[in-house]
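Starting from the known structure of chain A, arrange chains B and C on it as the hints suggest.
Chains as they are written, first to last, in this note's numbering: chain A, 1 to 468; chain B, 1 to 468; chain C, 1 to 468.
Here are the computed distance ranges between Cβ atoms for each label pair:
#: 1; chain 1: B; residue 1: 18; chain 2: C; residue 2: 60; range: 46 to 54 Å
#: 2; chain 1: B; residue 1: 297; chain 2: A; residue 2: 6; range: 47 to 55 Å
#: 3; chain 1: B; residue 1: 101; chain 2: C; residue 2: 182; range: 44 to 52 Å
#: 4; chain 1: C; residue 1: 276; chain 2: B; residue 2: 211; range: 43 to 51 Å
#: 5; chain 1: A; residue 1: 460; chain 2: C; residue 2: 91; range: 28 to 36 Å
Straight-line distance between alpha carbons at most 35 Å, and here's what the computed DSBU-like set of lysine-lysine pairs gives:
#: 6; chain 1: A; residue 1: 339; chain 2: C; residue 2: 339
#: 7; chain 1: C; residue 1: 339; chain 2: B; residue 2: 269
#: 8; chain 1: C; residue 1: 239; chain 2: C; residue 2: 212
#: 9; chain 1: A; residue 1: 339; chain 2: B; residue 2: 339
#: 10; chain 1: C; residue 1: 339; chain 2: B; residue 2: 339
#: 11; chain 1: C; residue 1: 239; chain 2: C; residue 2: 463
#: 12; chain 1: A; residue 1: 269; chain 2: B; residue 2: 339
#: 13; chain 1: C; residue 1: 269; chain 2: A; residue 2: 339
No lab work stands behind these hints, which were simulated from the structure alone.
Virtual Cβ for every residue (Gly too), placed ideally from N, Cα, C.
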Amino acid sequence: MALLDEDRLFPVEGRARDLARALHAGVRDLPLVSPHGHTDPRWYAEDAAFPDPARLFVTPDHYVFRMLHSQGAPLEALGVPRADGGETEADPRAVWRIFAENYHLFRGTPSRLWLDHAFETVFGVSERLSAANADAVYDRIADCLARPEYRPRALFERFNIEVIATTESPLDDLRWHAMIRDSGWSGRVVTAYRPDPVVDPEFPDFAANVEKLGALTGEDATGWDGYLTAHRARRAFFKGFGCTSTDHGHATARTEDLPQADAAALFDKALRGRSTAEEADAFRGHMLTEMARMSLEDGLVLQIHPGSFRNHSAQAMARFGRDKGYDIPTRTDYVRALKPLLDAVGERPELTVIAFTLDETAYARELAPLAGVYPALRLGPAWWFYDSPEGMRRFREATTETAGFYNTVGFNDDTRAYLSIPARHDVARRVDCAFLATLVATGRLAEDEAHEVAHDLSYRLAKRAYRL
Amino acid sequence: MALLDEDRLFPVEGRARDLARALHAGVRDLPLVSPHGHTDPRWYAEDAAFPDPARLFVTPDHYVFRMLHSQGAPLEALGVPRADGGETEADPRAVWRIFAENYHLFRGTPSRLWLDHAFETVFGVSERLSAANADAVYDRIADCLARPEYRPRALFERFNIEVIATTESPLDDLRWHAMIRDSGWSGRVVTAYRPDPVVDPEFPDFAANVEKLGALTGEDATGWDGYLTAHRARRAFFKGFGCTSTDHGHATARTEDLPQADAAALFDKALRGRSTAEEADAFRGHMLTEMARMSLEDGLVLQIHPGSFRNHSAQAMARFGRDKGYDIPTRTDYVRALKPLLDAVGERPELTVIAFTLDETAYARELAPLAGVYPALRLGPAWWFYDSPEGMRRFREATTETAGFYNTVGFNDDTRAYLSIPARHDVARRVDCAFLATLVATGRLAEDEAHEVAHDLSYRLAKRAYRL
Amino acid sequence: MALLDEDRLFPVEGRARDLARALHAGVRDLPLVSPHGHTDPRWYAEDAAFPDPARLFVTPDHYVFRMLHSQGAPLEALGVPRADGGETEADPRAVWRIFAENYHLFRGTPSRLWLDHAFETVFGVSERLSAANADAVYDRIADCLARPEYRPRALFERFNIEVIATTESPLDDLRWHAMIRDSGWSGRVVTAYRPDPVVDPEFPDFAANVEKLGALTGEDATGWDGYLTAHRARRAFFKGFGCTSTDHGHATARTEDLPQADAAALFDKALRGRSTAEEADAFRGHMLTEMARMSLEDGLVLQIHPGSFRNHSAQAMARFGRDKGYDIPTRTDYVRALKPLLDAVGERPELTVIAFTLDETAYARELAPLAGVYPALRLGPAWWFYDSPEGMRRFREATTETAGFYNTVGFNDDTRAYLSIPARHDVARRVDCAFLATLVATGRLAEDEAHEVAHDLSYRLAKRAYRL
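Isolated chain A, as found in the complex (with noise of 0.2 Å):
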């Protein structure tokens, strides 16, 4: 019996079946191209083992253990780390039993999708975890994981990675990267430029961050236009290792084109941690038309990724920190919020903007009417919750009438979860074989059109859009 089912994903009638099926041959083995997520550059680095089943899959997947917990598993028990060092959950194997006792929370979920597949497909598993095969599975995932095929490099050509992006802060000083490039390995694997670190002047220890980015670039970086300068200077640094793009995780989209002086004085106000919310929020707004028009000049794609109130919980936050599966989506403005970065910018076809929402509302209304407009914008996939087959029909179902196809950007697997990234974008191009299926068998789109527009899905739009 296998987990998956070879028509996973496609229409149910049988002709738009019939025509997914084909779309879908055409694109089911080109290589992944993954501009944007968050895997540890050091895997590959170093290329060692993952340590156990409940370290690869559990543990560390906010998807995975947040839906345990919603049902009354502590996080202790997950083994999740506690923020004082406490004791958690040390054995893997308990943990790996909560979560395949529970395995029924997943259905009709993407993570069930995502698992089954690399059970499946990576490790030869053909029956459904459960209960009464935990300690079966767990053995024979443990068993692979302690051979050479299954480590991170391995993997990486055995998933048809063509390139990769991990996700850096200014202040990083991408040593894994140096040792990837000069260990002789021909896997790519790029950095991207986070700065959120030295940008959002309520992120923990901004003003030592900045004095650190100072201290990397040889500039005075609290000056206003020394910390311009050394943003420039570690740009041009992680470009020197792949990166062609920067990414910025701001609660709003909130966008802000001051005159200099005011934002050098915004600057000031929140190195001495003296600004206001409201002038933390307009400096962040700010920094992101700055670094638009630093892309002008070095070239690397602009990506915003708004909209997440993190760390809900004050409990969950006091007892292990941060990025606990506690960030959710909230209402995001894009029309107002974005005008004054597209009215400096926006106008440029040679800069590229991504922009992403958690608020699905906007697609159809406000982000799709901006980027089937302004030259620089284009809009990034359905995003984190919206990584998901329903998130990603409706995403395509809204913009592409007023966006078009070639406004969008391909996939994005976003992920840190190693194993995922296949079945993610194996879910991606069936959901876009079967958006395109449908069009063809509803008369709004030829069938020579549908394949060539699932090649640019699936392949072409994200090398182009992110220039990799």
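Same frame as chain A, but now just chains B and C:
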């Protein structure tokens, strides 16, 4: 000619339809669990005959009379009582004729599905209602109503209701519930605790209501501690009549967790009628957290029903009073609004808080992500205007990928329209089976799992979530 | 090879497709009723040939040039006139070639459906437009345009237009309408009253416009009473040219019903150019209620078109002026915004107020519940970016269950693109038939009823709602 299509609401494609049929066959005869609703306990207590077809189907059903009114029928002509006791149509047959002549207005609405279901399955009507057969249908129904097998208790048994909850104010003496209990009848009718009249400073006669609450419990409810103790006492009294839940119908989802002294001060101001709108709102929000804390003590499930702009038309309100079909959904935010309550009690798995919404944009963006991580939070089913095939489909499509099925609580019929209860559960079971069949047909769920989930959604989740 | 699929936009499953085909066969040849649009009355008055393919299909169609621009084509290169009269591409063939080379950008958009429909059915083009056939298609269309059967009146008849409305300012002398009337041509072209220039204090030259209004009517329009009387006079004048409706394109859905003295004071301030933004907004909101009261007198239908952020790009506005594809939808609230108007006139069944939206989240949450109870309120069809297959489908799915079909008003093509009119009605009829077929196939509507509703949606509702 039958009114009901045997395969109604199933997918149209053959294989998916077959799957839906099979799933539905496994759940169609399960007993009805109705954990939230507004039927009148007096019906079950007195077991008197319903008066006539118009007063059964038209005059008390705001879905029905609002639609007729929207196309020009005065509410008076539909027999809706006037606030001033002035004249309205007294002849039920005249009301019924307006209804029958305008039956085409209900095309494509859930009311149409519910009405046809009751007409056919309860009264044996097999012809679509129209001006031509208005009198004949009226006579047939009227004849039935005069017979003992159409009295409330007989219908309760015929409908296969395992348990039904009504909703009462803390000021209610539960006399009808006592009468049911003392009657020896085996039907299980429980109450639910809806304290809006003594929790909402803007409720008519708030201060007098709080005094009554004190009188009923022997507490000085005009002091903060006595007020809370009085709530505890009434909750315990309600539990004596099978109550397992409380219900809160606020205008927004706002919660607060104020210092006790601040809450006491707000309460005092409210009693003296001196709350500002903002203070009244803060007080309501704080009381949700107090209610949640009491739930931790006594085990009652807490339901939050926010987001309706009540009694929108000044003219209709003046002429006919509250609840005349003019309650309109509004945009509702949950991420910030629920944070105080969730910070206080959201991590307690022994608590169940069920959130409903009238703002579908919050399903995928806010509510599913919150319910998908907080152990105390569950999602109520598609509510009110969304208790409909498209509404339920959108609910499953928007919530399942992030919250799964097991952070939802099955179906509520939420109705005052007794005859619609079987139809509403039938619609919910069919739509859920259609959704599950589509998951199976697209390789997202195995068939054996779909059968289990269908049973859970139709029966087990409601019993478990509401502790029935 | 045909461009158009005979079964386009119908459901893919066989039985549902057959039902849709049958429904469509009953309505495909009904005359077109176009109660709201922006074609130029001069076309019908002078009946001159259209100049060339580029100035027919590209330069005046903001859907087309915005998409080309979004991928880097300068608006100058598309022949869009500059505000300063500076040079833009003057060779229509050069413009056409850019369009043809980039025809793939329109894949999956409604523009593509409209363009292919016009190319094939009007000009007999049977091959998809491309760089390769750009000149050949250009020549074929250009040849046609030179022939008498491609002049506006001939096309009007060929398109089977029963009646079309244009839109004019109260300051317009309706000379083209007079010329049409006096020409003896049988085509029915009516005007609509769009008073934004004399109602919106922020409209360019507001005070001067009001003076002109006075001059045209012999009233002192700078006084509040004279201003209202002047409106009444112009409305009567417009009615003389077949006008049955007014139209109001405000930024928000705000309405007000102020005491007359307050309204007069706001008007006075507006005339003197001293309104704050808030006061200007309040005045616009109040004028909607005044217009509704005049509608009670003279029977004109009132249309509200809110929610567009006009001329979003400062740079494009400066270079090319208004209406260059930079109007972006914004979030729009209706529940509170429409209350003053609805409290004033919403209960009057002899009045018709038609509300449109660019915020789809309001369909199910706000607009359908409001239209489903207020006798005066109806829902306009899916508008602007949502005049598309997915947009129309979402409109029906979101509104029908709560408002039914009979609180909607049929289709508006709302276009300046004359050649797209048959295509737009064709899309609307097909999408509605597909929706109805799905209701029938899922047991929610009987087939005989679906035929009746299809006829209503395609023809009768528009005539009835607009009193045409």
